[in-house]
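Colleague: Chain by chain, the residues run as shown.
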Amino acid sequence: MRRHLELRPAGARGVLVEVAGNATARKLAAAAPHSIGGLEDVTCGHDTVLLVWELGRTPPHDLDVRIAELLGSGAGVGSAVLDVPEIELPVTYDGPDLARVGELCGMSPEEVARRHLAADYDVAFIGFTAGFAYLVGGDPQLRPGRLDEPRITVPAGALAIAAEYSAVYPRSCPGGWNLIGRTDAVLFDPDRSPAALLPVGARVRLVEATQ
Amino acid sequence: MTLDFSGLTTRPGTAPVGAEVIDGGSRTTVQDLGRPGLAHVGVPRSGAADAPSLMLANRLVGNPEDAAGLETTLTGPTLRFLAAASIALAGAEVDATLDGRPQAMRSLIAVRPGQVLRIPTATSGLRTYLAVRGSVDVPHVLGSASGDQLTGLGPAPLKPGDTLAFGASALALPSVGIAAVPAPRRGIAHLRLGPRADRFAPDAITTLLTARWRATSATDRIGVRLDGPPLQLADDRPMRSEGMVLGSIQVPPSGQPIVMLADHPTTGGYPVIAVVDEPDVSVLAQLRPGAAVTFQLVPHSAPRGTSELSP
Chain A
0 MRRHLELRPA GARGVLVEVA GNATARKLAA AAPHSIGGLE DVTCGHDTVL
50 LVWELGRTPP HDLDVRIAEL LGSGAGVGSA VLDVPEIELP VTYDGPDLAR
100 VGELCGMSPE EVARRHLAAD YDVAFIGFTA GFAYLVGGDP QLRPGRLDEP
150 RITVPAGALA IAAEYSAVYP RSCPGGWNLI GRTDAVLFDP DRSPAALLPV
200 GARVRLVEAT Q
Chain B
0 MTLDFSGLTT RPGTAPVGAE VIDGGSRTTV QDLGRPGLAH VGVPRSGAAD
50 APSLMLANRL VGNPEDAAGL ETTLTGPTLR FLAAASIALA GAEVDATLDG
100 RPQAMRSLIA VRPGQVLRIP TATSGLRTYL AVRGSVDVPH VLGSASGDQL
150 TGLGPAPLKP GDTLAFGASA LALPSVGIAA VPAPRRGIAH LRLGPRADRF
200 APDAITTLLT ARWRATSATD RIGVRLDGPP LQLADDRPMR SEGMVLGSIQ
250 VPPSGQPIVM LADHPTTGGY PVIAVVDEPD VSVLAQLRPG AAVTFQLVPH
300 SAPRGTSELS P
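Same order as they appear, the protein sequences are chains A and B.
Its first residue numbered 0, the first sequence is counted upward by one per residue in numbering that gives the first Met the number 0.
Its first residue numbered 0, the second sequence is counted upward by one per residue in numbering that gives the first Met the number 0.
A portion of the hints provided could be inaccurate.
Unchecked claim - Where chain B lies over chain A, by a calculated footprint (3+ residues, C-beta under 8 Å):
| id | stretch |
| --- | --- |
| 1 | 5-17 |
| 2 | 34-42 |
| 3 | 47-53 |
| 4 | 128-141 |
Unchecked claim - Among chain A residues calculated to face chain B with C-beta under 10 Å, some are:
| id | residue |
| --- | --- |
| 5 | 104 |
| 6 | 162 |
| 7 | 189 |
Derived by calculation from the structure, the hints in this document are not laboratory data.
Heads up, the beta-carbon is just placed ideally off N, CA and C, and yes, glycines get one too.
Chain A extracted, bound-state conformation (with noise of 0.2 Å):
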């Protein structure tokens, strides 16, 4: 079978790789930086890997190969699967759109709640805003589509649903997704290190609040 993989110009610097799905795209944020020389960014997406060289440098012309062979190798995948970090989440389900779920999802609130909290999430991609992870692995159930209208300010540390992906909002900012329950954790600090709380790759585990 055929493995997707295609590149994309992003400028005279980047080039924005679609790969067949998520762990591939993470294997390959993780892989790029220690296999190509001159990156200054790498920005993993759902299914796509955006490489950025340093100002003065230009990917290479055998990109397309390079990334062929780092996906195909099987190194560092039995690694990877020991070598996530697994981080647990206190929540409390006591967010304002938790009967709109339940409507659209044809549950009552209280189940909502159940059902997103009994399932293990990984981190799919970091993106929006600082430390901003979007979770992926919920209930299939649990699809409720965006708001009709953003909210102008969602708190910092509201927990939301939207689609296929679960969040933290990290900090206070206007915000679309389902709001659904709330955390005390600090999902992004820069004088902490590591300043992201939820990494890309990591297991997360959502664990009733105790007051």
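Assemble chain B onto chain A, guided by the hints.
Modeller: Relative to chain A, chain B alone:
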């Protein structure tokens, strides 16, 4: 975060508190060349929206090019200097005054203690850069002094009562006191077709390259929203969020393009039709609301439908 450096006045190697903010202007922020390389945790590169102008101002005062300075937005601040300073202004043309006396752009200006620098509304362009010899001394966040509008990282915009401290430059002053640079060729920006150009109807590329686009008032350090003929999609299947580079021209469902600037989010869920060539990002960064820009393809860049990198 309040800019208050009274505690730094006795720190060795640091000049005394340099200036007091009388008026902060529309939105004046501290900017250096940003914090690139943190997209994997969702942190924008930030830094001066018109980097070449900050770099020029820095060179004129004998600073390293990446020294922190001030970036104005349309209307600049009024500062009372408490210590002697060497400064320079670059970027958007403005009739700055020192104790009421006009000061030239792109030239080394000597400021005496007690003098008041006023940077009024720019006469053209949007962002003026003030470099101070020794750089603006603020705590660094993730390796940069830059104030990021998207994430709130770094110092908050200037407000009355803030105090600014300046460091000490180790570099020699340049041998020239004024930079006679040609007027920037505003209004034209070069671009390359972007990662999702193939999602657009053929007409859309033509429209992008022939229309006269006007900046709307919805313009900030995150991006410039442009007003013009809607860009039609040929493939409107929903897209997953993917990484974006500086200068990306993103097209939301309205068909009205948005050009990503220094504080742009690291990912986006709308297709990027083209990417402004990096040297021309400053053209977009200097586009005041209502001002126009047209786009041209970077010469010899890949024609639509092909890729230089096709496997």
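Colleague: Each hint: holds or not?
Modeller: Evaluated hints:
1. A stretch counts as covered by a chain when three or more of its residues have a beta carbon under 8 Å from one of that chain; for the stretch 5-17 of chain A and chain B the count is 11, and the coverage holds.
2. By the rule of at least three residues with a Cβ nearer than 8 Å to a Cβ of chain B, the coverage given for the stretch 34-42 of chain A holds, with 4 such residues.
3. Beta-carbon proximity to chain B at under 8 Å applies to 4 residues in the stretch 47-53 of chain A; the threshold of 3 is reached and the given coverage holds.
4. Only residues whose beta carbon comes within less than 8 Å of a beta carbon in chain B count, and the stretch 128-141 of chain A has 5; three or more means the coverage holds.
5. For residue 104(A), the interface hint is violated, since its Cβ never comes within 10 Å of a Cβ in chain B; the closest pair sits about 19 Å apart.
6. Satisfaction of the interface hint for residue 162(A) is found here, the shortest Cβ-Cβ separation to chain B being roughly 9 Å, below the 10 Å cut-off.
7. Proximity of residue 189(A) to chain B holds as hinted, the smallest CB-CB distance being about 5 Å (cut-off 10 Å).
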